[in-house]
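There are 4 protein chains.
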Amino acid sequence: MSFNTFGHLFRVTTWGESHGPALGATVDGCPPGVALDEAMIQTWLDRRKPGQNRHTTQRREPDAVEILSGVYEGRTTGTPIQLMIRNVDQRSKDYGNILDTFRPGHADITYFQKYGLRDPRGGGRSSARETAARVAAGAVAREVLKTLAPQVKITGYMVQMGPHHIDRTRFDAAEIDRNPFWVPDAQAAEDWARALDQIRKDGNSVGAMIEVVASGVPAGLGAPIYAKLDTELAAAMMSINAVKGVEIGAGMAAASLTGVENADEIEMGTDGPRYRSNKAGGILGGISTGQDVVVRFAIKPTSSIHTPRASVTRSGAPTEVVTKGRHDPCVGIRAVPVGEAMMACILLDQLLLHRAQTGATGPVAEIGACAPE
Amino acid sequence: MSFNTFGHLFRVTTWGESHGPALGATVDGCPPGVALDEAMIQTWLDRRKPGQNRHTTQRREPDAVEILSGVYEGRTTGTPIQLMIRNVDQRSKDYGNILDTFRPGHADITYFQKYGLRDPRGGGRSSARETAARVAAGAVAREVLKTLAPQVKITGYMVQMGPHHIDRTRFDAAEIDRNPFWVPDAQAAEDWARALDQIRKDGNSVGAMIEVVASGVPAGLGAPIYAKLDTELAAAMMSINAVKGVEIGAGMAAASLTGVENADEIEMGTDGPRYRSNKAGGILGGISTGQDVVVRFAIKPTSSIHTPRASVTRSGAPTEVVTKGRHDPCVGIRAVPVGEAMMACILLDQLLLHRAQTGATGPVAEIGACAPE
Amino acid sequence: MSFNTFGHLFRVTTWGESHGPALGATVDGCPPGVALDEAMIQTWLDRRKPGQNRHTTQRREPDAVEILSGVYEGRTTGTPIQLMIRNVDQRSKDYGNILDTFRPGHADITYFQKYGLRDPRGGGRSSARETAARVAAGAVAREVLKTLAPQVKITGYMVQMGPHHIDRTRFDAAEIDRNPFWVPDAQAAEDWARALDQIRKDGNSVGAMIEVVASGVPAGLGAPIYAKLDTELAAAMMSINAVKGVEIGAGMAAASLTGVENADEIEMGTDGPRYRSNKAGGILGGISTGQDVVVRFAIKPTSSIHTPRASVTRSGAPTEVVTKGRHDPCVGIRAVPVGEAMMACILLDQLLLHRAQTGATGPVAEIGACAPE
Amino acid sequence: MSFNTFGHLFRVTTWGESHGPALGATVDGCPPGVALDEAMIQTWLDRRKPGQNRHTTQRREPDAVEILSGVYEGRTTGTPIQLMIRNVDQRSKDYGNILDTFRPGHADITYFQKYGLRDPRGGGRSSARETAARVAAGAVAREVLKTLAPQVKITGYMVQMGPHHIDRTRFDAAEIDRNPFWVPDAQAAEDWARALDQIRKDGNSVGAMIEVVASGVPAGLGAPIYAKLDTELAAAMMSINAVKGVEIGAGMAAASLTGVENADEIEMGTDGPRYRSNKAGGILGGISTGQDVVVRFAIKPTSSIHTPRASVTRSGAPTEVVTKGRHDPCVGIRAVPVGEAMMACILLDQLLLHRAQTGATGPVAEIGACAPE
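Residue numbers (numbering that gives the first Met the number 0), protein chains in the order written: chain V, 0 to 372; chain F, 0 to 372; chain S, 0 to 372; chain Y, 0 to 372.
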């Protein structure tokens, strides 16, 4: 079996293979009356598009999206939105040599074990190409968020590439869109470019860490106990190819903290409670606090590398695998817009769930609004 | 809204509050004909039970489980299994002082913001007491796994408490059940006991890291793309109270690796492919490889501490919170059996999904079984 | 596998067997802040309760409900509500003779074929006793409806028992609660009592038709295409034991109509569009029109009868079955409150879904509110 | 919100509007390794295709299906199958006159009330054109059934058109494919052609009753209590446009029967239990008995008719509606292949659910296989 859908009310089903005729997303549960056209979606797809600089795969895909349903005269109708992206630049012959063997670290072997057959062209369904469909769906979510919670702002960026970390003291959000790494640190962008050139020259690849921050999220989003906001975000990010870990706020480092250190103390701001720190990453008990929602996820290095690695063939013979073809030396780079898209989809879904409960998108009870107890 | 159910085919809904009359789990989709009685479940509940040593809360709950449905003459019938645990040792007065204020780092405030009211007794639904229901459901999953995949073995243990890590060179699985920390390192158990005594004396608490390993998992489990085995595990673990991060295999450290380092090279063993390393944590492309499935998750320190922290009241007045009552100084300790239970539930669910696809619980295609290509 | 849950946002999972320790409903997704106590639920359970007159089974069950979670100080908290009803008057020995054979027309045989074993006591999970849990859940739904759409009124009644139909010209809603048949026709009540006495004396049983009408339902409820209001109602009613058919509005008779006859013509009332007829049963395109929602469902005669019927034993030997024990000669009677309960649950679920879309419970566009085109 | 997905494991999401660029079905959860190509699907689409004779709409749609994903080298891969059908023969100007008014008996008004806007071209999403996507999905289900349960045979046919019923004594399955009404009675086909010509000439339309029978269904399919086989079939059929009632076996007539009449007596056949009658329609307790599964559903007359009917405009002014455009005078005719498709999808879904439980597709316990008790 497979489950290619996520979301409770805003439900996205992605479909399509790397080298099949097309891929896309079926978006069901989108509220009606929201302005939407292909150009709005294309903007976001263009950010993820391969081949835009020397640091990503040289496959040339326009990733042109076509809206096949659910929009009438420029507005969503409340019916399913079908988003299709035709594949254009397939070079399936590049993959001939992996038909009968398995790239170490790649889903080749498990798809074969699970399904008994696989579409080997470009990794088939397990290709990162699937994430284009998520970005398209995320673009729809963003347009809906604009109408329901216009103050929400979602920003993703790289914070680590292999051993290289950003310097948080140099953090400059304006830099993110100015470099091919989506890194908020101009110096890092320069250093990483050199480092990645070397990685590529070595026939190697490298891992990455992405951070996605959502500001302006109203307090009260989240659906305890098993669709908590952090649970949903963990699932959303872990479902992206090559992700091996997800953390919220202090994250894995929370294991090292004491309760005194971890307690985000609360004071009263002019417009509600204000927290003195954000170890919680904007989520307590699975419900948003109103602070920035902060998620990080780790992307493993691309498994398709030019360096030979030991493997076996389908018939069990030992072999060495060298992957030709056009690959991202750091697939994490293009994961930035994907992480943003997943954040947009999850926030919208939770916003709709919350609105089902309360009729509104904000908190039910305002602190400070009650009479003194 | 709330969603208190997880699982696709083996579906668990937990219910109940910390200080309400009872709590429990409704387990639907359990295969019929499996031997099950209360004693089998009690064994696992007893591991998680509070008050067993000085390192956990002194609340005295027998956590005695009652099977209300779904079992006839000692066997499951295929109908829903209702597991109920009566609360016995409530001391709700301990919580009087947090009725109108919010513990920093606790779900008090967000439940109030989301629902407009909350059951303040013992944290209500957001209490770690909810995890007793998960352990009970996990015990059912274990009994089913015994019949469907008896070779599966699930082991959880602590690998970190605050700044203290286990020494992997001293790893001894036999130690796990011999100390109150479920730690596979006798020396660590001794050191941690001293450290936790001090933490408790300081009116403080501390975080922890848990590792859960499942061996014997057949290759082929997982339901790409959005119910991948790692996605499901990430959601399952993140849904546990106080968890702030989840990682699989190399996890967050994968961001630091190169492709050459990360590729788990494959060779042919006597009974199928064998991997020379397990950076993947037993999962590639969301599907199990047959290696050990390795998950780690970070638990933040208990937010109910005796040290005063700044907060606000419902009416917005500044205040200081000191939590009396009986609390775990390291709630991570009791999360070990909970992590194991979630692993059991998720593996069973995926096993059933896989059996729906194939009629069997093992891989569809065996490597080495094909004629040479 | 089994699926014991219905609903998208207001989700009800029923559990329990006829002669097990208890049965109940786990209600998840109930909005917070709604007044709820056991007495409110008991009122509705008492209507369905067996043994209240000579026309229903003489099993004496108080059907006393206990709220185990989800309610604090008389209000729902937004967390799962566990409703438990202890079984009290089991006489399992009555069923000894069907342990190894199968009642014709009963689920005995299919449960055995599906699960390989069954709880034979009182039909186990397939007993109409399961419907007590639905009535309890429906009572919760009614309380929520009272706050969200107080104008909604749900009324169920019998319109047919065997060959006996009500006379619609004598329809008097006030009669419904005055007779044991929930029949809106005093004369029918009298005639049917005599007829059913004879049926019972003959060791026979008889079928029934129930009609459930909801008035005051706002236009716009329904979630096309596969969770349409009529689809949901059809599933809800068909899921009740012994139901063999469901129809909306003109129903099966729509097959006989012409388009001219079937078109419910529309005129403008003082407060919106008004329909001159209601062939649609209040639903067009799966969405409520604002007219009365009208559902009918047929209940087959009880299969546990005193007249011998040919059957086989588990080992395949021919036999004759006569069911002793206490049975409803017309199980349709007690299905009236069950049908009402299902209507309440489905309407609430759709109302919440609609509110997720729009933030409100009424139609998005009012006819007559637009400027003339 | 909208829900355009049905199925638990074999999940079908349909999308698309009558006059949009395309429509289709996203089929997730299809087992891998099943032979599938466009021609196999086209066969079934061609049966439903409009314009094949004078009794259906004259819209000329080739309904040519394109497989965009999920199939590799002629076999399903286990990943989502995207089926797209381009719309070709739109004549949206035909609908200009209903932009601002509402056809009585049509979803025009409720879509407007629910969503505040609608795609008026050809009924948009509420058009019967959506059912082409179901037929495509059903064709996939049939191919899978062929491999899992090749003995299953699904046959749909009309049994009533307006006041005209088939004569069951003349029932001849071979006739079904020989006439435009899919009617198993040659005489009826002739009479109905004349009757429908008259209806069309009168600018009127007419309702219909469809029966769908599945033979060869193994005993044991069905997932009590809320995903029972009959529940699923009721929902599936009621979700089809214009359906107003659904019944199983004796159906609504069960209300008239006594228990003695309704009990399908059981005897031992050479290969298992055999029933002397089939009042149950092949389903007891929501689980298949192994007998023919028999479903009937009523289709209301097309609401787009040439006879003027009273209605209102969006601004509330009284008006009369006459629908021009090309419409089926009896939309029930083309519902026959749709009902078959839904039956195929539901049976496959239940077969997969059953296989998850048991590893096989047949009953768990065979009657007569046990030692004598």
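Among the clues, some could well be false.
Same chains, same names: a pair is fine if it fits in one copy or spans any two.
In the DMTMM-like style, the derived pairs of lysine to aspartate or glutamate whose C-alpha atoms are separated by at most 20 angstroms in a straight line are [as the list claims (entries may be wrong)]:
1. LYS323 x ASP201
2. LYS200 x GLU210
3. LYS323 x GLU72
4. LYS48 x GLU60
5. LYS152 x ASP166
6. LYS152 x GLU264
7. LYS200 x GLU260
8. LYS152 x GLU319
9. LYS200 x ASP270
10. LYS145 x GLU365
11. LYS323 x GLU264
12. LYS323 x GLU260
Calculated directly from the structure, the hints in this document are not laboratory data.
Now the hints, each set against the structure:
| no. | hint | in the structure |
| --- | --- | --- |
| 1 | LYS323 x ASP201 | within (14 angstroms within a copy, 59 angstroms between copies) |
| 2 | LYS200 x GLU210 | neither (27 angstroms within a copy, 37 angstroms between copies) |
| 3 | LYS323 x GLU72 | neither (45 angstroms within a copy, 23 angstroms between copies) |
| 4 | LYS48 x GLU60 | within (7 angstroms within a copy, 36 angstroms between copies) |
| 5 | LYS152 x ASP166 | neither (23 angstroms within a copy, 43 angstroms between copies) |
| 6 | LYS152 x GLU264 | neither (24 angstroms within a copy, 42 angstroms between copies) |
| 7 | LYS200 x GLU260 | between (44 angstroms within a copy, 16 angstroms between copies) |
| 8 | LYS152 x GLU319 | neither (47 angstroms within a copy, 33 angstroms between copies) |
| 9 | LYS200 x ASP270 | neither (54 angstroms within a copy, 38 angstroms between copies) |
| 10 | LYS145 x GLU365 | neither (23 angstroms within a copy, 25 angstroms between copies) |
| 11 | LYS323 x GLU264 | between (53 angstroms within a copy, 18 angstroms between copies) |
| 12 | LYS323 x GLU260 | between (49 angstroms within a copy, 18 angstroms between copies) |
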